[in-house]
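Trainee: Respectively, the protein sequence lines represent chains A and B. Number 250 marks the last residue of the first sequence (the numbering used here); no jumps. Number 250 marks the last residue of the second sequence (the numbering used here); no jumps.
Rather than coming from a laboratory, the hints here were simulated on the basis of the structure. This one's a predicted model, so the numbers in the text were calculated from it and none came from an experiment. One or more hints might be untrue.
Sample of chain A residues lacking proximity to chain B, with all beta carbon distances greater than 10 Å (derived) [to be verified]:
1) A10
2) R30
3) P159
4) G178
5) V186
6) G202
7) E239
To be clear about the criterion: a stretch of chain A counts as covered by chain B if any three or more of its residues have a C-beta under 8 Å from a C-beta of chain B, and this derived list gives those stretches [what the hints assert, rightly or not]:
8) 124-133
9) 215-222
Pair by pair, the computed Cβ-Cβ distance ranges are [unchecked claim]:
10) G193(A) to E92(B): 56 to 64 Å
11) A112(A) to S24(B): 54 to 62 Å
12) A114(A) to V194(B): 50 to 58 Å
13) G22(A) to R171(B): 37 to 45 Å
Don't be surprised by glycine CBs; every beta carbon is placed ideally from N, CA and C.
There are 2 protein chains.
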Amino acid sequence: MAQNIYDTAEFFEGYSRLPRSRHGLDGAPEWPAIRALLPSLSGKRVVDLGCGFGWFARWAADQGAARVTGIDLSENMIERARRETADGRVEYRIADLETLDLPAAAYDLAYSSLAFHYLEDFGRLVRTVHRALDSGARFVFTIEHPIYMAPARPGWSTADNGRMCWPIDGYSVEGRRVTDWLAKGVVKHHRTIGTTLNTLMAAGFAIRGVVEFAPTVDQIAAEPRLAPEVERPMILIVSAEC
Amino acid sequence: MAQNIYDTAEFFEGYSRLPRSRHGLDGAPEWPAIRALLPSLSGKRVVDLGCGFGWFARWAADQGAARVTGIDLSENMIERARRETADGRVEYRIADLETLDLPAAAYDLAYSSLAFHYLEDFGRLVRTVHRALDSGARFVFTIEHPIYMAPARPGWSTADNGRMCWPIDGYSVEGRRVTDWLAKGVVKHHRTIGTTLNTLMAAGFAIRGVVEFAPTVDQIAAEPRLAPEVERPMILIVSAEC
């Protein structure tokens, strides 16, 4: 079973205070870039893998999705998602993405935000999603960018020229990374962009878009704390077609 | 016109001394990974963009290619390539990849090794190659990996834990990078992996393989100087289908 860090009190409380947890989709600077890769949701069947508090699930229903299934390992998050969702087209399910089963050809869009870097077996998940999608359906997801995740001790440093830099090591050494983020000992699984894309293609997906997210000039003007994000990407966004 | 650094005496002499210039394809550690992405060349029409001394062109002819066209901006390199090539199926042409014209549907494989990061207008080249390839043809190329190319002053550093690291800055700031490599003031053009892949897809290519090259354990055992290459990738290999 995957590590369920979200149901530890320390992590859950820290996570609940993040802008993206308090302000929903608009609290995440990468959201406009993700949205640009999404198909029209009108009448579509949608599954959100690692749905958290259900922000995306409710948004998808508002966009006219026929049915939205939110799936998360965290009982705390699913409980709050259910409490905050009044739309009958949205349902939630507690499940581990490492061992997930989904019905065949049951969805037109699989979505996931910042969940898959917690998975050890990404290939199994991708094959499960491919079977669960109808032909022509989309799979749009974000993960921590491997540049962000690779280092043994990720963090900013200062180069000789005084510029902020992000020292990388172990980029080509895939596997476990243990870091302290909101709580101690958070386990993630580093994979290169190549591995992520090749795993999708091996399962039968066609790659449709790859975005190494950086905030726009306008976003930085509105939120100067985002400025360092142009030095190294934090988030990778992928769109694939079944 | 693209900067023709290869025809300056300093660069040409330095380049001529590199293992990959002296030993050909087998002098490049990424060659086995490239070769794994190549289709059978028997009876195929091949174009090599940035062919240098013609190592690949001669190899392709040895593999049974019907016709091989090697293209390079450097008169010095084309002159040596012609001198060292006895095979009548191989021809060489001096041309700038920034303004290249190619006949339509004339090739079954377009290949390029470590040339495109010198191009300012990658999109134009990609559209030119797409038109020049037959349906189902392959486009296999390598470039310097954007992690390698992004920093204002690329180079190794030592992290607090004593491990070698590669500080990154400006990853999301695409465009000119001026570095000193074999000669002073070599101009390259940094693009993210996302931009490279999206440019290919926008021109009509389907992505077939993405490899962020790192030497294998066996390669490092045979050549210990390659060990640091696992800390950050130096070369990106892409396979696309027309």
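Trainee: Each hint should be assessed against the structure and marked as holding or not.
Mentor: Hints, one by one, checked against the model:
no.: 1; hint: A10; in the structure: holds (26 Å)
no.: 2; hint: R30; in the structure: holds (26 Å)
no.: 3; hint: P159; in the structure: violated (7 Å)
no.: 4; hint: G178; in the structure: violated (6 Å)
no.: 5; hint: V186; in the structure: holds (14 Å)
no.: 6; hint: G202; in the structure: violated (4 Å)
no.: 7; hint: E239; in the structure: violated (5 Å)
no.: 8; hint: 124-133; in the structure: violated (count 0)
no.: 9; hint: 215-222; in the structure: holds (count 7)
no.: 10; hint: G193(A) to E92(B): 56 to 64 Å; in the structure: holds (58 Å)
no.: 11; hint: A112(A) to S24(B): 54 to 62 Å; in the structure: holds (59 Å)
no.: 12; hint: A114(A) to V194(B): 50 to 58 Å; in the structure: holds (53 Å)
no.: 13; hint: G22(A) to R171(B): 37 to 45 Å; in the structure: violated (28 Å)
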